[in-house]
Amino acid sequence: MPDPILEARALTKRFPGVVALKDVNFDLLPGEIHALCGENGAGKSTLIKLLGGIYPCGSYEGELRVDEKTAAFCSIRDAESAGIAVITQEFALVDELSVAENIFLGRAPRRGFRVDWLTMHRRAAELLRDFGLDISPEAPIRTLGIGQKQLVEIVRAMDKKSRILVLDEPTAALTEQEVEVLLTHLRRLRAQGTTCIYISHKLDEVFAIADRITVLRDGASVTTLAVKDATIPLVIKHMVGREITDLFPRKSVAASVSEQAAEPILSVRSLSVAPAKGKAAFLKDITFDLRAGEVLGFGGLMGAGRTELLMHLFGAWGHRLGGKVTLRGQPYARPCPGESIRRGLVLASEDRRRYGLILEQEIGFNLSLSSLREFTRLGGRIDAPAEQVRNQQFFESLRVKAPGQHVRAGTLSGGNQQKVVLGKALMTGPTVVMLDEPTRGIDVGAKLEVYELINRLTAEGKAVILVSSELPELMGMSDRVLMLHEGAIGGEFTRAEFTQERLLAAAMGHASAA
Amino acid sequence: MKLKALLKTFSMPLALAGIWLFFIWKLDHDAIFGDGQGGFGRFVFLGPRNLTHLMVEFSIIGTLALGMFMILLTGQIDLSVGSGAGLIGGIAAVLIFEHQWGAAPALLTAFGVAMVLWTLMGTLIVTQRMPSFIITLGGLLIFKGLFWRVINNATVPVSRGDEENLYSRITTYYLPANVGLLLIGVIVLVSGILLWRTRAARAASGLTTGSVARPVAQFIGIAGVSYVIVSVCNHFHGLPITLLILSCTAVTVYFLTKHTPFGRYLYAIGGNEEAAVLSGISVNRVLVGAYVLMGAATALTGFMTTAYQGSSSTTVGDLMELDAIAACVIGGTALKGGRGTVWGVLFGTLIMTSLLNGMTLMAVEPHNKFMARGFVLALAVWLDIRLSRP
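Just so you know, the protein sequences line up as chains A and B, in that order.
Heads up, the first sequence is in the numbering used here, so the first residue is 1 and it goes up one at a time.
Heads up, the second sequence is in the numbering used here, so the first residue is 1 and it goes up one at a time.
Treat the hints as calculated values from the structure; they're not laboratory data.
Fair warning: there could be bad hints in the mix.
[Claimed, not checked] If you anchor each label on the Cβ, the simulated ranges turn out as follows: (1) B:F133 to A:P331: 35 to 45 Å; (2) A:R495 to B:K2: 21 to 31 Å; (3) A:R354 to B:G145: 23 to 33 Å; (4) B:F133 to A:R354: 19 to 29 Å.
For each residue, glycine too, the CB sits at the ideal point set by N, CA and C.
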């Protein structure tokens, strides 16, 4: 076996309150394509940010070795000069500049003080030709498709004499043909001696291209397998391999309530939604029912369309191409947030700093923001005492930890901000509560309070839609789970059918694999 | 740290006091340290005549700044209000002087034109998703052109011959001393009742009411300031109408921003527009509403400033939009939206107008006046940033 070109030894990376990587070991042999697999939040992104110098040396523990020598990357530039190029989903390309300018960004050939345009375009054309790409070096990047942009990034990385190419979810937004083109290029680069780290949720692709697979789980490296000895179910098993504790105090009331309420509160029939008018459908043929007292979980991988589905039902995303939504017996064809709230459908968004709160304002201002109608008296005046009393009720019942409701929302911790977002949604008196990643980034104690709140809501006969990336949470708190896969429903499971393997397989589009 | 917080709270009154002391020192030195002859009338800056003029100038810019305040709260901007004020004032003057309209219908018609124009601009901004900076910059130029066309590049008096009408009286009529005192008495009484009722309502809801000293101090403050203003004005001709217009505007804007959902939504949109949308706020409707109110404030300002000059001419309203924005910013309104108070805007306006008024009395040359205004604006924002830093 040849000596590894890159080695990670006992890498540990901590963030305040979270250990993102725990004692990760990993080696990369020259000329191989090595896949990294793991669930959302398993630590893949953290690992490659470490390799790429985005998290500089000193911010983590453990050792990174390149060519048998300790490597201390203090910046992206250090990693680049060691021959590592990281290509992420957010391209490091400037949309308004040409292909050639992007390839030579920051290192344009010069003649004196001037940019030597002639040389630049000639060399760019040569590089593109060598790659077999039919792209004009003078075309602006914004006119290129996503697949072509990806290839331009690879061309740039190769011209920088990169020996290790790190691709993070390179095919997430590509069409099947584009994926095929990319894989062909990668195979050719491998034949020429380039080493590649390949991160993908799509196990088919991984098995089609990789030589070895390293599985990460909860920030730790679980195992490294040679592809020829592995199977998809085996990889999924390694990715999951975790026990569910009774951290999730779900008390189901669905059985008793749903008997009375045979009519679903919310019913969605073959819903198709595009990101905007004139675009192709992103959510495809989604059908489900939601009944009073039920927690319906939505799972899926990053970009499967969970957030988009919730935002669309609420009226804040997308252009409906077809399908029917019925809310409390009434058809609901043209949703908008104000109308949704009036009809009793609320959403607590996943990104609370961006979508949830007015950070500069007080807790009380945020709590009552969606319910001001309730306090408005003659002449449009807000009844301030009544408002404050109501705010205080929610402030106390949600146990927001702050000296009082006059504290600015921006100064609260994540868990307490989440409680304020939930309080704002609940004060409107909803019947359907949609929670998008309600426990992301909050500590265990606050999580438990959120779970108890979910139980309280369903006990009151409300229905809850829960989106979560954490399978244990999804399985622990839902009465029923729908897994989304690439904008469509990949599988539906009742509580008795829950296993992590099944759910994950459905999320990856391998409903039959497990 | 504590000193810093204190400085921040009182930075505006301190700045205002500094400016006033400077002008008093420069202009009223003789009146204070002289032989004592001539009494109040000898004061140049502090004299009743000048203070009344200062109040008129304050009212004109203040009304515009209060309209601008609501626009800035949402994170938008309106650059068209200066030439808009000229246009609206000009339309009313032309209707009266050249078309022999009565003053009341002329003013109402011009007001209606303002509402239409600003509704249109607001609608363009929200439906076409064009930046307000660009739309209102276009408005600035278009209104300027329209204005010059309407008045035919001439000077159009606000009334025919020497007769007085409603339009000219906006700045020439003063409330008689007794009426002024009576009005102030009613205002003080009403504010006392409101203060007391607010407290009672809080107590009835079981909320803490805090020390009784606070409302009492507020009441004494309101009564004292009102009395000083009315007696100063009564030493000249009486309370100017413009001050009443400003007061009504200020009370309306205060009520809207502080006590209605509309006001909350202004702050919410400026603080985080995406979150405001997801909170169920009809952002577009609120924004158009803010522009309509801006149109109303512009019309009122246009009438006052045209009447103050006695006629409409091509320079009326020049750079007024910048004075209004500067007054808001000096008063602590954030240009990115979500932060600011009516009190701050009034203080900012008072600082701006005191500075202009004093410099005019000192016969400072126009070029130096411009530069002084610029430096004060930069200084105020610099101070605000320094003092806001933790």
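- Given the range 35 to 45 Å, decide if the beta-carbon distance of F133 (chain B) to P331 (chain A) lies inside it. holds (41 Å)
- Measuring from beta carbon to beta carbon, are R495 (chain A) and K2 (chain B) in 21 to 31 Å? violated (58 Å)
- Item | Cβ separation of F133 (chain B) and R354 (chain A), checked against the hinted range 19 to 29 Å | Holds, since F133 (chain B) and R354 (chain A) (Cβ atoms, about 24 Å apart) stay within the stated range.
- Distance restraint evaluation - R354 (chain A), G145 (chain B), Cβ atoms, bounds 23 to 33 Å: violated (42 Å)
The structure fails to meet hints 2 and 3 from the earlier list, while all remaining hints are met.
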